[in-house]
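Visitor: Below, each chain spelled out in residue letters.
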Amino acid sequence: MNQYSDKVMEHFKNPRNVGEIENANGVGHVGNPVCGDIMKLYIRVEDGIIKDAKFKTFGCGAAIATSSMITELIKGKTIEEAEKVSNKAVIDALDGLPPVKRHCSVLAEEALKKAIEDYKKKKEDV
Amino acid sequence: MIVYLDNNATTPLSDPVKKKINESFELYGNPSSFHSLGVKARNVIEIARGKIAAAIGSDAKEVLFTSCGTESDNIAIQGLLKSTKKKHIVSSKIEHPAVLNVIKYFEASGYDVSWVDVDRYGRVNPEDVAVLIRPDTAIVSIMMANNEIGTIQPIKEITDKVKEVSKDVIIHTDAVQAFGKVKFKVRELGVDMLSISSHKVNGPKGVGALYIRKGLKISPILYGGHHEKGIKPGTENILGIVGFGEAASQAVENIEYKIGKIRELKERLKNGINRSVDNIEINGHPDEVLSNTLNVSFKGIEGESIIMMLDMEGICVATGSACSSGRLEPSHVLMSMGLDPAVAQGSVRFSLGDYNTLEEIDYVVEKLPPIIERLREISPLEIK
Numbered sequence: 001m002n003q004y005s006d007k008v009m010e011h012f013k014n015p016r017n018v019g020e021i022e023n024a025n026g027v028g029h030v031g032n033p034v035c036g037d038i039m040k041l042y043i044r045v046e047d048g049i050i051k052d053a054k055f056k057t058f059g060c061g062a063a064i065a066t067s068s069m070i071t072e073l074i075k076g077k078t079i080e081e082a083e084k085v086s087n088k089a090v091i092d093a094l095d096g097l098p099p100v101k102r103h104c105s106v107l108a109e110e111a112l113k114k115a116i117e118d119y120k121k122k123k124e125d126v
Numbered sequence: 001m002i003v004y005l006d007n008n009a010t011t012p013l014s015d016p017v018k019k020k021i022n023e024s025f026e027l028y029g030n031p032s033s034f035h036s037l038g039v040k041a042r043n044v045i046e047i048a049r050g051k052i053a054a055a056i057g058s059d060a061k062e063v064l065f066t067s068c069g070t071e072s073d074n075i076a077i078q079g080l081l082k083s084t085k086k087k088h089i090v091s092s093k094i095e096h097p098a099v100l101n102v103i104k105y106f107e108a109s110g111y112d113v114s115w116v117d118v119d120r121y122g123r124v125n126p127e128d129v130a131v132l133i134r135p136d137t138a139i140v141s142i143m144m145a146n147n148e149i150g151t152i153q154p155i156k157e158i159t160d161k162v163k164e165v166s167k168d169v170i171i172h173t174d175a176v177q178a179f180g181k182v183k184f185k186v187r188e189l190g191v192d193m194l195s196i197s198s199h200k201v202n203g204p205k206g207v208g209a210l211y212i213r214k215g216l217k218i219s220p221i222l223y224g225g226h227h228e229k230g231i232k233p234g235t236e237n238i239l240g241i242v243g244f245g246e247a248a249s250q251a252v253e254n255i256e257y258k259i260g261k262i263r264e265l266k267e268r269l270k271n272g273i274n275r276s277v278d279n280i281e282i283n284g285h286p287d288e289v290l291s292n293t294l295n296v297s298f299k300g301i302e303g304e305s306i307i308m309m310l311d312m313e314g315i316c317v318a319t320g321s322a323c324s325s326g327r328l329e330p331s332h333v334l335m336s337m338g339l340d341p342a343v344a345q346g347s348v349r350f351s352l353g354d355y356n357t358l359e360e361i362d363y364v365v366e367k368l369p370p371i372i373e374r375l376r377e378i379s380p381l382e383i384k
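Sequence lines, in order, name chains B and X.
Going letter by letter, the first sequence gives residues 1 to 126 in this note's numbering.
Going letter by letter, the second sequence gives residues 1 to 384 in this note's numbering.
Chain B with its partners taken away, still in its complex shape (with noise of 0.2 Å):
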């Protein structure tokens, strides 16, 4: 709380997107209850662009942050504009967040990627 920027802790509070999709063609599940730290990402593409993300989060108050801030950032994008979508991008829209805690920001890009992922192996499948 100490270190935690006004961002950060809005998310926190408030975060947005919580939930699952039931109809989601893509999701990412990362992390492990050893390391604290467990996301899941539901994506909803249709025409190639996110029009729903939603996520869980087992973690800190920064895990939970980044969860929230990654639904909103890729929310409305295409699957190529979000597949950019970084950890560092993640941490500058929360306005910074403590060096031990930048961690949290990596497994929300990850969650996104495999979420992308599966979306991918999905639509070869059908």
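No lab work stands behind these hints, which were simulated from the structure alone.
All of these numbers come straight from a predicted model, not from anything done at the bench.
Ideal Cβ positions, reconstructed from N, Cα and C, are used throughout, including at glycine.
Mixed in with the good hints, there may be bad ones.
[Stated by the list, open to error] Derived lysine-lysine pairs resembling DSSO-like cross-links, with alpha carbons at most 27 Å apart:
#, chain 1, residue 1, chain 2, residue 2
1, B, LYS13, X, LYS261
2, B, LYS51, B, LYS75
3, X, LYS299, B, LYS54
4, B, LYS7, X, LYS367
[As the list claims (entries may be wrong)] Here are some chain X residues pointing at chain B (derived, C-beta under 10 Å):
#, residue
5, GLU329
6, PRO330
7, ALA342
8, VAL365
9, GLU366
[Said to hold, decoys possible] Computed beta-carbon distance windows for the label pairs:
#, chain 1, residue 1, chain 2, residue 2, range
10, X, LEU328, B, SER86, 20 to 30 Å
11, B, LYS84, X, GLU377, 26 to 36 Å
12, B, GLY96, X, ASP311, 19 to 29 Å
13, B, SER86, X, MET1, 56 to 66 Å
Starting from the known structure of chain B, fit chain X onto it as the hints suggest.
Guide: Okay, now just chain X, sitting in the frame of chain B:
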């Protein structure tokens, strides 16, 4: 409203302590000086020393002032090891870093260390300690009460068992968390050295003490003047010491009554949480536990996020989660007890103090359940 339930981390200064320190501002003389100003300062230090000794049941000569509990632990362990050729150490897996890291340093330098396991309540079995004693065992160090879970160790039984095997082994106990919360007298415990700290008993930060049994000589690890028998050189922290003396007397006064009162409040908190939140685990021994310490794991969610939300309601507590400390793993204490890492990550420590009230406890019981519910909504984990 601030509800302070982090007394194992530190405590506020009590009014008598503040008064004592205020009265001592004019005692600026160096206690080692020969003139009357120095003597005045020397006297108040010796009076404080006497108070500490009375509080722990020792002679004044056996009490050394240090700068904190960590320094007391370091002087005890390093000082003892430096004074002997023996190279085997016995300690527990749940010691405070002030003991753990000193011993790990010696382990890395080539000393043999036997780490005693704890049971699922965090308790050490005296037999497990005694069986590890060897002819080359220099020191045994087992903490009297654990700061995270509050579990109290059977120190007297441990000393008895160890002494059956060997009369030479030096026994040290870190009583930083136990002092003021557990009734004890050093002679009854049978330990050779014992560490305590001022800021855990409503005294000022920056001062601690080390009991060294009469007849035991340890080597210094700091060098300088002849202060504190040359073991803790440096001009004395007069303000800290007089504050500590006052605090120490208060800490043991009516200790049984205070323990009972705090235990009642803790039980109220525990029952309140049990009633309104499910899927929890209480960590620590059910009976042999500090009356003020309640360590609870809330399944499916992470500790730092819990304490952040509690902080937003003015409630100050601590957690054993990795995220909160910058480590990669959850608390070594909880892991040594065999807790599932995910469950350890969701642990919250409530540590009560002399100033907590019924109203404050009820406030926490009211504010906690919606926080847990909210975080469980956000979490992907299914709780069995």
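Visitor: None of the hints should be skipped; say for each whether it holds.
Guide: How the hints compare with the structure:
Taking the CA atoms of B/LYS13 and X/LYS261, the gap is near 36 Å; set against the 27 Å cutoff, the hint is violated. For the proposed pair B/LYS51 and B/LYS75, the alpha carbon gap of about 6 Å is at most 27 Å, so the pair holds. For the given pair, X/LYS299 sits about 22 Å from B/LYS54 by alpha-carbon distance, which is consistent with the 27 Å threshold. The hinted pair formed by B/LYS7 and X/LYS367 meets the criterion: a straight-line CA distance of about 24 Å does not exceed 27 Å.
A cut of 10 Å between beta carbons decides the hint on X/GLU329: the least distance to chain B is about 7 Å, and the hint holds. At about 7 Å, the closest approach between the beta carbon of X/PRO330 and any beta carbon in chain B falls short of 10 Å, and the interface hint on this residue holds. With 10 Å as the threshold, the beta carbon of X/ALA342 comes within range of chain B, its nearest partner Cβ sitting at about 3 Å, so the hint holds. Below 10 Å, beta-carbon pairs count as interface contacts, and X/VAL365 has none with chain B, the closest being about 22 Å; its hint is therefore violated.
Violation of the interface hint for X/GLU366 is found here, the shortest Cβ-Cβ separation to chain B being roughly 19 Å, above the 10 Å cut-off. Here the CB-CB span from X/LEU328 to B/SER86 is close to 23 Å, well matched to the stated 20 to 30 Å. About 31 Å separates the C-beta atoms of B/LYS84 and X/GLU377, a value consistent with the hinted range of 26 to 36 Å. As the Cβ distance of B/GLY96 to X/ASP311 is approximately 20 Å, the hint placing it in 19 to 29 Å holds.
Between B/SER86 and X/MET1 the beta carbon distance is about 42 Å. The supplied range of 56 to 66 Å is therefore violated.
Going through the hint list in order, the structure does not satisfy hints 1, 8, 9 and 13.
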